[in-house]
Every structure is written in C-alpha cells, then in structure tokens.
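Build the full structure now, drawing on both the sequences and the hints.
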Amino acid sequence: MLERENLKSADAISKAIPLAKGKILFSFFKSLEAAIKSELDFVSVENNSFKDLQYDVKKCENWFRINRKKSYHHVGVFFNIGIPNLLFRIEVASQALHYGVVPVKEVDIGKYENINLQNLPVQTTRDFERRTWISIKWFSVLYKDFVSSDLDCIRDNKEFVEEVVSTIREIRSILLLCNPEEAFSSIKGISGI
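Residue numbering for the sequence shown follows my numbering, starting at 55 and increasing by one per position.
Wrong hints could be hidden among the right ones.
In silico DSSO-like cross-links for lysine-lysine, where the CA-CA straight-line distance does not exceed 27 Å [claimed, not checked]: (1) 191 <-> 84; (2) 159 <-> 77; (3) 159 <-> 105; (4) 198 <-> 165; (5) 112 <-> 165; (6) 112 <-> 77; (7) 165 <-> 191.
If you are wondering where the hints come from, they were derived from the structure by calculation, not from laboratory data.
The structure displayed is predicted, hence computed values, not measured ones.
So this is what it looks like as structure tokens:
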C-alpha cells in the first residue's frame, strides 16, 4: 500500500514539474519583452507572424515535457528592431537558449515570411551560426545549453538582457551606418524557402 502511494506521489510530482517550469519560462519571455522594450524604445514585439513559434503558457509548459510535439520544440519571441527584412528572435530550442536574427520579407502589412540566406549580411562581434531548422531559418548565438535542467539564466536574466540589448544596438548601428536596403538587397524578391 505504501509503495502504491509513493508511486502516486511521484507521478503527481512528475506532472507538476513541467507546469512549474513552464510558468518560469513564460515569465522569462514576458520579462524579456518588458526589459528590452524599456531599454530600446524603437523595438516592438512581432506577434502577427510565425504564430507556431510564439510563446504562450501552454507552449512553455509543453517545452519541458519529455514527449513534447515538434511544434513545442522551438518556443520564443520575435522583435521588430526597425531594420527592413530582419527580425530579432529569442528562443528555447531542444535544450538550449538562443538569440539571433531572422531574415524575412514582408508579404503583407506587418506580416512576414521567413527566407533562407546563405550569409548574414552584417558582421558583428557575436558568433552567429547559420541554422536551417525545419521550423525557421536564421542566424543565432547559442547563449546557454541545457536550459531545461538548469534554469538559472532564465530566473536571473539580467546578463542575458544586457547581451541581447548590446547585440541589437550593434546590429542597428552597423546597418544604419550603411544603407539597410543595400545590405539586404540580396533578399528582395526572393520567395520564402
């Protein structure tokens, strides 16, 4: 009888862990939005495109489930940073926390489509890696691996926010010094891949 009760307790705990961690992850994304927008008044959250990749409570909870669906594999937020054909992305993917830039083209007013580029059209001090995942093609920096088991960088995100804000400022300063239309001329007229 005691063994059965222990199993029930263990089962209840295992079901509660993704819910608790999911709430932490959801709060992380909410606080990122607020912190980044307060530091960079030109930034806005992009909610009209890529709905399957946008965070919400359910997706954040499901990200911590062992047998999660592929659609919960990549959860995050997109930011419009005021550069044509480029969005900024923060996401958790598999086990890791990434940030980076997503090449896009506007297909309707305020609606974007991801496109595939071979090279990032801007050189920064960050080591962006080209990623051609099924869900999204982008250039990202792996900030922290094994986030699902070590939530420290999500609970205390001050250093992460500083790095992201610095990266956005750097990208904007480089692209706004040159002509952003020229920097992204290679992607005009290309249909999404």
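Looking at the structure, which of the earlier hints fail to hold? The structure breaks hints 2 and 4; every other hint is satisfied.
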